[in-house]
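Protein chains in written order, with our numbering: chain A, 1 to 214; chain B, 1 to 401.
Calculated directly from the structure, the hints in this document are not laboratory data. Here a beta-carbon is modelled for each residue, glycine too, at the ideal position from N, C-alpha and C. Keep in mind that the hints are not guaranteed to be accurate.
[What the hints assert, rightly or not] Short derived list, chain A residues pointing at chain B, Cβ under 10 angstroms: (1) Leu38; (2) Gly40; (3) Glu41; (4) Met45; (5) Asp49; (6) Arg73; (7) Gly85; (8) Arg87; (9) Ser92; (10) Asn121; (11) Leu163.
[Claimed, not checked] Quick list of simulated restraints, FRET-style, between CB atoms: (12) A:Gly171 <-> B:Leu121: 44 to 54 angstroms; (13) A:Asp49 <-> B:Gln30: 40 to 50 angstroms; (14) B:Thr78 <-> A:Arg187: 46 to 56 angstroms.
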Amino acid sequence: MSERQDNSLSFKLVYYGPAQSGKTTNLLRLHDLLAPELKGEIMTMETKDDRTLFFDLLPLGFRAPSGLLIKFRLFTVPGQIAHDGTRKAVLSRADGVVFVADADRTQETNNAESFQSMTENCRRVGLDFEHLPLVVQFNKCDLPTAVPEAEIRQRWSAAPWPLVFAIALDGRGVAETFRTLLTALYRRHADNLALASEHGLDEAAFIAGALGRA
Amino acid sequence: MSELAFDREWSLAELLEPAILERIGPLLAQLLGGDAAIVDALGKTFWGVVDSKAGREALTLELEPIGYLASTTAAPGTLQAGAGFLTQLLRIQVRFRMASSLHLEAVAEDFETLKREHARLLESETRYKTLAGELESRVKAQVAQLDERQQMLYQAEKLASVGQLAAGMAHEINNPLGFARSNLSTFSLYLKKLATLKTRLDDVETAWRELDMDFVLEDGLDLLGETAVGLERIARIVADLKSFSNVDRATEELSDLNDSIRHAISVIERQLPPGVSLQVELGDLPAIVCLPGHLNQLFYNLIHNAVQAIQDAGHSGVVRISSRRTPQEIAISITDNGIGMGAEQRERAFEPFFTTRPVGSGAGLGLSTARNIVLAHSGHLTIASEPGQGTTINLSFPTPP
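Between the sequences and the hints, there should be enough to build the whole structure, so can you do that?
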């Protein structure tokens, strides 16, 4: 995150995942669902066939009781294998990550490879992966070919990251994913940024501020 | 955050460069009824002249204004429309600037990846080069060691055959030596008789008769003649051995292969077991440049093998040795009607250390050495053999040009 002289704080949150797992859809739904004090327009850079070429950006923000402006800049990475350099550059300086996996059983290999590339890229761009706030979302749970939730939970039971099951197309699980990430983000940074003590923001206020009326 | 990072918050100055302002500024002023100015996020004049009474509209890209459009002449609605228009222009700018910065970062990342990959490949190449270098020197060392061992075995084999040869020779020499010694002791008795004759010179005729000096004279000459023949035989055996043992004289000489064959035969002839005979038909051969010592050993090995094959068969037999000259080559064949070889034995006959004989009779280098000697003289060696029928070894050497 970056603190600026103009009394604002900016968190960079990155939606990572294999190609066409629904990262951009997550951002589009969040734009519709959330109503924080400040909400910018989504900047998308799509190619003709609706695939993300560079990134999408959704800016959100609210003001803390102390007057500190808290900003969230939600980015997506391009999922296609060929764009690894771009993915790495977008991932640079991230404060939190949502890994959007595709629940379709045929996508298991792509999920695993993408997750692997994320951990490697985190290391390459100097992120402390072990302490990075991370939420894993399994999207497209409504597909008939989707891996059942129980099976996924069982398989990920040893992993430390929270799992959220979503159907991003109709918005289900999208806000919950974001809320889960905000919780992890708050717990990671509240103390060193003195959010509660100096800015009057406890965890609930922090999350409520970012989500708005959602 | 890096100053060049694509995700930095872009300032008004970065997005509206002087060249752009120069073109859109006057157009904006005209649209807003004559007066227009741009103020930055902190309220400082960015472009134009700002009147304190001018109306302001925010220019917001993400969440907060990065500047304001100001005008004294525009109606509020017009100013709002102008600001909206300028904001859209700024958004297009920022999209372009972010994309191109990100592109640069991505290219740099890709380049870093390539460099890492390159470094990794260089490292592995170096590793394999080192390994290959070591491998080469290791193989060389092993080959040198094997060469040395083979040389030692070859020497051992040679010593063994020299030992066999020496035993045979000792027997050969003992025989003439025995009768020469016996003749000489008889001859010394005859000389004593001569001494007795000297004491009876007064009646020489009677004494001569009584001492049977006619016989002594005749037999004495016989004894000396026989002894001389025996010594001659010993001298020839020694000479044969000497020329045969020229193996180590590794200088090339112009020599007739028949001479080498004769040398080998002369050595073997003396050791022929009963029931084995040699039949020799040597044609005229041109002299060739060769190592006579090696060739002596070659023919000795081959003829010795043939003799042994007949012995192994347990019946009498003949070894036929022939040489002839054809327009292209010198052909030599050594044929025996001995025990012969089966297919498996024939296949392995040239393998070093392959032997069918008991331990101690030889290291199994005879044929292997023979072939090496033939190859060293640019020749060929082939074996034809049937179990129970016998074996023929054919040798060919190129004729001199």
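Holds or violated: is there a CB of chain B closer than 10 angstroms to the CB of Leu163 (chain A)?
This interface hint is violated because 28 angstroms lies over the 10 angstroms limit.
Can you verify the interface hint for Gly40 (chain A): is its Cβ closer than 10 angstroms to any Cβ in chain B?
holds (4 angstroms)
Looking only at beta-carbon atoms, does the pair Gly171 (chain A), Leu121 (chain B) fall within the given range of 44 to 54 angstroms?
About 48 angstroms separates the Cβ atoms of Gly171 (chain A) and Leu121 (chain B), which means 44 to 54 angstroms holds.
Should the interface hint for Gly85 (chain A) be scored as holding, given a Cβ-Cβ cut-off of 10 angstroms against chain B?
Nearest chain B Cβ about 4 angstroms off; hint holds.
Taking 10 angstroms as the limit, does the beta-carbon of Leu38 (chain A) come near enough to a beta-carbon in chain B?
holds (4 angstroms)
Hint Asp49 (chain A) vs chain B: min CB-CB distance below 10 angstroms?
violated (18 angstroms)
Holds or violated: is the Cβ of Met45 (chain A) closer than 10 angstroms to a Cβ in chain B?
holds (6 angstroms)
Given Glu41 (chain A) was flagged as interface, is its beta-carbon under 10 angstroms from a beta-carbon of chain B?
holds (8 angstroms)
Verdict for Thr78 (chain B), Arg187 (chain A) (Cβ pair) under range 46 to 56 angstroms
holds (50 angstroms)
Min Cβ distance, Ser92 (chain A) to chain B: is it shorter than 10 angstroms?
Holds, because the Cβ-Cβ distance from Ser92 (chain A) to chain B comes to roughly 7 angstroms (cut-off 10 angstroms).
Please check whether Arg73 (chain A) passes as an interface residue: C-beta within 10 angstroms of a C-beta belonging to chain B.
Since the shortest Cβ distance to chain B is 7 angstroms, the answer is holds.
Using 10 angstroms as the Cβ threshold, decide whether Asn121 (chain A) counts as touching chain B.
holds (9 angstroms)
Figure legend: structure checked against the earlier numbered hints; hints not met, in rising order: 5, 11.
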